[in-house]
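> Sequence order for the protein chains is A and B.
Numbering-wise (my numbering), the first sequence opens with residue 1 and increments by one.
Numbering-wise (my numbering), the second sequence opens with residue 1 and increments by one.
Be aware that a few hints might be false.
Claimed, not checked - If you anchor each label on the Cβ, the simulated ranges turn out as follows:
| hint | chain 1 | residue 1 | chain 2 | residue 2 | range |
| --- | --- | --- | --- | --- | --- |
| 1 | A | 292 | B | 139 | 17 to 23 angstroms |
| 2 | A | 340 | B | 9 | 41 to 47 angstroms |
| 3 | A | 156 | B | 139 | 42 to 48 angstroms |
| 4 | A | 194 | B | 61 | 44 to 50 angstroms |
| 5 | A | 302 | B | 155 | 32 to 38 angstroms |
Source of the hints: derived by calculation from the structure; they are not laboratory data.
Just so you know, even glycine gets a beta-carbon here, dropped at the ideal spot from N, CA and C.
One-letter residues, chain by chain:
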Amino acid sequence: MRNKDLFDQIKRQVALEAPDIQDRISLDSIRIGQRTEPKQRRIAFHGRLVMTVLILALLTVSSYFLFFQNNNQTVYALEGEVETISYQVLSGSMFLQNETSFDSVIPLSNVLLSEEETYFEQNQSLFSQSFAVLESLIGDRDQILFQAVASDQSQYQQKVLITLKDLNEQDVIYEVYFNQRIRKNVQSLSGMVSFQDTSFQFTYQRLQGTELSRIRIERDNQAILVVKHVTDQDTLRFRYEYMEGNEVARSFFLNVSKQDNQVKAAMVLSVQGKLLTINMERRHDQSQSSLKATYRFLSNNQEVESGDIDLTSEYDEEVQKFQYRYQVRTRIGNIEKIQDIIENKPPRGNQPTRPNPPGKP
Amino acid sequence: MKHLDDYLSRIEARDEVAFQELYQETKNGVYAIIMAIVKNRQTTEDLMQDTYIRMLEKLHLYERGRNFQAWLVQIAKNIAYDYIRKSSKQVVLDPIESSYVFDQATPTEPLSESPSMIEMIACLDAVESEIILLKVVNDLPFREIATIMNKPLGTVLWLYQRALKKMKKHLEGGVSHEK
């Protein structure tokens, strides 16, 4: 049974049972609590003088903080070190699970634009896999939860449980284990994230300067992805570098921001005069969740193509797969192209709450 | 839940229509939480009435912009537990009362396929039931639920996951109920 089916069943039953007793309540017979405006107290001249001086002093101090200290007042999408590290480790590992898709996309400089296919069509796997990773890492901030819990693995001291909501409104849970070390006043971590079919080791090192920290995600003692925390102003900014030996083979930036309690993300890929930006956010309309994305592909600062993507997902019981529906509106100059693309995906991840396909244990 | 605040100024001006609309939007959550605690249909109706009256009387204490549904459900929960304390006898599921629930079902839905809410959550303890209903029916964020339940967020999440597993097993195994 899927969570959604269970929730629907409960909601349906409650709606059926909940009585209409509002007619028993007459507003005329109730003393409704009215909000009262705070009474203005009369202040003597002496008091007003003191208050004026205090206000002027307060304004002076706040102006100083506004102009000279504003970087300390920023509220980021993620709170604290545990959340920021866990977010990078998890997103990096999830990108690695889908690493093959990036092989077909980068370098951007080799992109051949044709009249037959749009940039989106040629690189649908990049969009598809990026959405697959980020669909649960963006959205309502209250639905992105990080909890430090007791470790149940003897080789690790700490455990962080990360609970997210995917496009199907299912809770998905990931576990990150780590040990903490401090040597010569430098903090470092080493740990592990496991998925159903694979696991990744990681090390974290806190740094100083423009690079605030560095996470190396490894398999078989080989660094395969390095995530650098390079936040500079008011948006969290991470740089993901895919390694081939000691060389960076390809990279991109991920900017994570928060607006009205909604976490949003922007992926930025840039190679030799080519720039691709994908902005992503989650929306929730009438019990269905969707991912809205806008993208722009520039070459030498000239827009080549842009578009809007509306992604929704449903479980198709016929084929026992998640069906992802992309409604894409592409713009190339004055030409607009609208596409409706369906993609079937098997259940993903290591989520214990992921529904089993019907008929399977 | 911000839009629920829109009704409040109209209700303060004694707009009955605004109250009716607010009631329709919030009644499921209020019903579910009270019914889960007192497990009696008639008592639930009475306590729902008390809940909405107290909400109206205390409306000036609600801070606009906060989560109105969470505030209302907290009132409902307090009233339900006050009732349990005062009634000094153990509240059990009354078979006659619970059968009334089934009488409300539409004829198109066979009773055997539609267990009551109480039957659905029968496998859960009191705390798990409240967490599930606050999440599923009231659609409250976990942080808000943790505040209402006066429990750490981690505990709430863990209980929620455990309750979901129990319910699935319970419902997939087929809920038996007697009319």
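> Return the numbers of the hints above that this structure violates; sort them in rising order.
3 and 5
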